[in-house]
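Those sequence lines, one after another, are chains D and L.
Throughout, this note's numbering is defined as the position within the first sequence, counted from one, plus 1.
Throughout, this note's numbering is defined as the position within the second sequence, counted from one, plus 1140.
If you are wondering where the hints come from, they were derived from the structure by calculation, not from laboratory data.
Ranges between beta-carbon positions, derived for each pair:
(1) 157(D) - 1204(L): 40 to 50 Å
(2) 1173(L) - 87(D): 40 to 50 Å
(3) 191(D) - 1173(L): 26 to 36 Å
(4) 110(D) - 1280(L): 50 to 60 Å
(5) 79(D) - 1183(L): 33 to 43 Å
(6) 140(D) - 1240(L): 29 to 39 Å
(7) 183(D) - 1154(L): 56 to 66 Å
Quick list of in silico lysine-lysine cross-link-like pairs, BS3-like style, CA-CA up to 25 Å:
(8) 201(D) - 1222(L)
(9) 188(D) - 141(D)
(10) 201(D) - 1226(L)
(11) 127(D) - 139(D)
(12) 128(D) - 154(D)
(13) 188(D) - 201(D)
Where a beta carbon is used, it is the ideal one built from N, C-alpha and C, also for glycine.
Residue strings, one per chain:
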Amino acid sequence: MTSRTRHLLPVIAFLAATSLFAPLGTRAQSSTSTSSTNSHGDRWLHVRVISTDAKGETVRVNVPLELAERVLPAIDHDRLHNGKVRIGCMDCDGVDVRTLFEAVRSSKDGEFVTVQSNDADISVTKKDGLMLVHVHDKNKPKHSQVEVKVPMKVVEALLSGSKDELDIVAGLHALAGQGDVELVSVKDDDNTIRVWLDSKNVTTD
Amino acid sequence: MVLLGKIALGFGATVVMAGAYTFHEGLLRVDVDETHGRGSHVHVWVPAAIVPMAIRFIPRDRMRDAGERAANFMPLVHTVAKELQKYPEAELVEVHDGPQYVHIRTHNGNLLIDADEPGQTVHVSCPLATIDDVSRELAEFAPGS
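Produce the complete structure using the sequences and hints provided.
So this is what it looks like as structure tokens:
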């Protein structure tokens, strides 16, 4: 080793140390760009609950649909197995959920159910590829309103499994292909509940 | 004098290199502050890079025990950690309930959990990659794997 190279040793050691930070910077940049790309391509399911009671409870949940699609099959609990929910013996006050979905799916656009009473107005409608459920509860002072909007493609995907189950993962996959849509809206005296789908990874309102 | 300078620079460079390597995966951080009663405070800051290494020093029977206990939910934790790495910046859950507050989000590839309630504050920050590594290690000790 020449005297010139010996003089350079500390410099080389210092450069080696600083070069370690270079991959960190590169990694940070690439991670940011990945994040940006993901945030544009991903579909997010948002849930917002705002309570106007004294405690002022607020719940905000933002879930990437792709994450839900991947995670659900890993859950094996009660009726949920492999991303599918068994409904064969589900107690829905005697209502056969699957048959109900099948009936709506195979029907033409129109209003299927209309109930008007002193307590509530209820309607179930199929229109422009959407199943719409509207409930207007008149019992509460401020009249609660429930609106549910489910794309028929999602209904079809839910029914794509075997007879006694709903394929939730397939439903989420179909939901990811939909545009921005408000799925559930509930407004009553105490709570405002919204479930909607968009491409933003934060709740903006 | 020049020789001493070179030694100091070499030593400094080594420390910088070791520090950069140790912290390049971030920090596993747990802060628990209780303000009621005797008010215990727990603050654990561990470089995430050493966690997978430290696991290798845990006796295998202890790891088998932990693997058995975690067998039911570790695949789920592993899947969530793996998938969440695709979302390094995301607001996931935020709950305000009177004086209670829970916030779960990802930031810079870390999972951050903040929970506040009267008398107690908990902040957890852990790189998702570390959760992924640890859950994978534990899954290897699960029965049937």
